[in-house]
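> Using the sequences provided together with the hints, build the complete structure.
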Amino acid sequence: MPNSSKRTITIPNLKLPKNTTPVLVALLVIAAFLIGTMYTKISYLEKGATTGTIAQAPNQPNQPAAKAAGKIKEVTDKDHVRGNKNAKVTLVEYSDFECPFCKTFHPTMKEILQTYGDKVRWVYRHYPLPFHNPGAQKQAEASECVAELGGNDKFWEFTDKIFERTTSNGNGFPIANLGPLAAEIGVNQGQFQSCLDTGKYTKLVEGQIADGTQAGVSGTPSTFVNGQIVVGAQPFASFKTIIDAELAK
Numbered sequence: 001m002p003n004s005s006k007r008t009i010t011i012p013n014l015k016l017p018k019n020t021t022p023v024l025v026a027l028l029v030i031a032a033f034l035i036g037t038m039y040t041k042i043s044y045l046e047k048g049a050t051t052g053t054i055a056q057a058p059n060q061p062n063q064p065a066a067k068a069a070g071k072i073k074e075v076t077d078k079d080h081v082r083g084n085k086n087a088k089v090t091l092v093e094y095s096d097f098e099c100p101f102c103k104t105f106h107p108t109m110k111e112i113l114q115t116y117g118d119k120v121r122w123v124y125r126h127y128p129l130p131f132h133n134p135g136a137q138k139q140a141e142a143s144e145c146v147a148e149l150g151g152n153d154k155f156w157e158f159t160d161k162i163f164e165r166t167t168s169n170g171n172g173f174p175i176a177n178l179g180p181l182a183a184e185i186g187v188n189q190g191q192f193q194s195c196l197d198t199g200k201y202t203k204l205v206e207g208q209i210a211d212g213t214q215a216g217v218s219g220t221p222s223t224f225v226n227g228q229i230v231v232g233a234q235p236f237a238s239f240k241t242i243i244d245a246e247l248a249k
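First residue of the sequence shown? That's 1 in the numbering used here, and the numbers climb one at a time after it.
For the record, the hints were derived by calculation from the structure and aren't laboratory data. Since the structure is predicted, the reported quantities are computational estimates derived from the model, not experimental observations. Certain hints may be false.
As the list claims (entries may be wrong) - Here are the simulated lysine-lysine pairs, DSSO-like style, with alpha carbons at most 27 Å apart: (1) Lys-119 <-> Lys-138; (2) Lys-88 <-> Lys-249; (3) Lys-240 <-> Lys-203; (4) Lys-119 <-> Lys-71; (5) Lys-240 <-> Lys-119; (6) Lys-119 <-> Lys-154; (7) Lys-88 <-> Lys-200; (8) Lys-119 <-> Lys-78.
Said to hold, decoys possible - Label-pair distances were calculated between CB atoms; the ranges are: (9) Gly-219 <-> Glu-164: 20 to 30 Å; (10) Phe-131 <-> Leu-247: 31 to 41 Å; (11) Thr-198 <-> Asn-171: 16 to 26 Å.
Yeah, the Cβ is synthetic: ideal placement off N, Cα and C, and Gly gets one too.
Structure follows, in structure tokens:
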């Protein structure tokens, strides 16, 4: 806070002509007031620059650089992998089908895969957030039922369509429409519905949540690039910097 003590501005004694008008006197008084105000502000700014209380740089947006994190489970044949399974760079994304930021980020991951081709692989793991239920958890389980019945390619087709059609935040894609969507992409709807209704993959999804949390995931999307975590729906350029550095090793 600025010094609250009063500052005294001394105006030299001026000998005004006898015919000085009241208007001129008033102007002199106003000028003295303005000079005093400016002096106070300059002193305050100088003090602020020294103490750091003012004149600070404006807040900058969070930089998307990767940061250290815990270790996630190794990628196995049970994971859903898109791209070259033997790629030098692995991106493990922890995602939520009802997360609006994940929906925004999904095309970015596609762009990465398209740009780098066989140099990268994309691994999808579940991290449905509780406040995105009822849809998030059920959609994650549904994708696993699709994978069981239709294989890895159907899993990714199902994933793409969910993100294309959901309006996010828990009720963005009706649970009742999951069966018809499975049928649309060529999966037996009866078998799919039986799988989903029994909760066959509830524990698998919960296990991936636990794994992600232990590694430092607290929100979605969170993507591990060769073990470095990048939080949020960051743009392609942010990932390019990290991927290029990994490929150069």
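> Does each hint fit the structure? Answer for all of them.
Here's how the hints hold up against the structure:
1. Distance check on the hinted pair: Lys-119 and Lys-138 sit about 33 Å apart at the alpha-carbon level, beyond 27 Å; violated.
2. This hinted pair checks out: Lys-88 and Lys-249 have alpha carbons roughly 10 Å apart, not beyond 27 Å.
3. The suggested pairing of Lys-240 with Lys-203 is violated, with an alpha-carbon distance near 34 Å, which exceeds 27 Å.
4. For the hint pairing Lys-119 with Lys-71, the CA-to-CA distance comes to about 22 Å; that is within 27 Å, so the pair holds.
5. Annotation: proposed proximity of Lys-240 to Lys-119 holds, straight-line Cα distance about 12 Å (limit 27 Å).
6. With a C-alpha separation of about 23 Å, the suggested pairing of Lys-119 with Lys-154 holds against the 27 Å cut-off.
7. Distance check on the hinted pair: Lys-88 and Lys-200 sit about 33 Å apart at the alpha-carbon level, beyond 27 Å; violated.
8. This hinted pair checks out: Lys-119 and Lys-78 have alpha carbons roughly 21 Å apart, not beyond 27 Å.
9. Evaluation of the 20 to 30 Å hint for Gly-219 and Glu-164 yields a pass: the beta carbon distance comes to about 22 Å.
10. Checked against the hint of 31 to 41 Å, the C-beta distance between Phe-131 and Leu-247 comes to roughly 37 Å, which is consistent with it.
11. The hint said 16 to 26 Å for the Cβ distance between Thr-198 and Asn-171, and at roughly 23 Å that hint holds.
Violation of the numbered hints given earlier is confined to hints 1, 3, 7; the remaining hints are satisfied by the structure.
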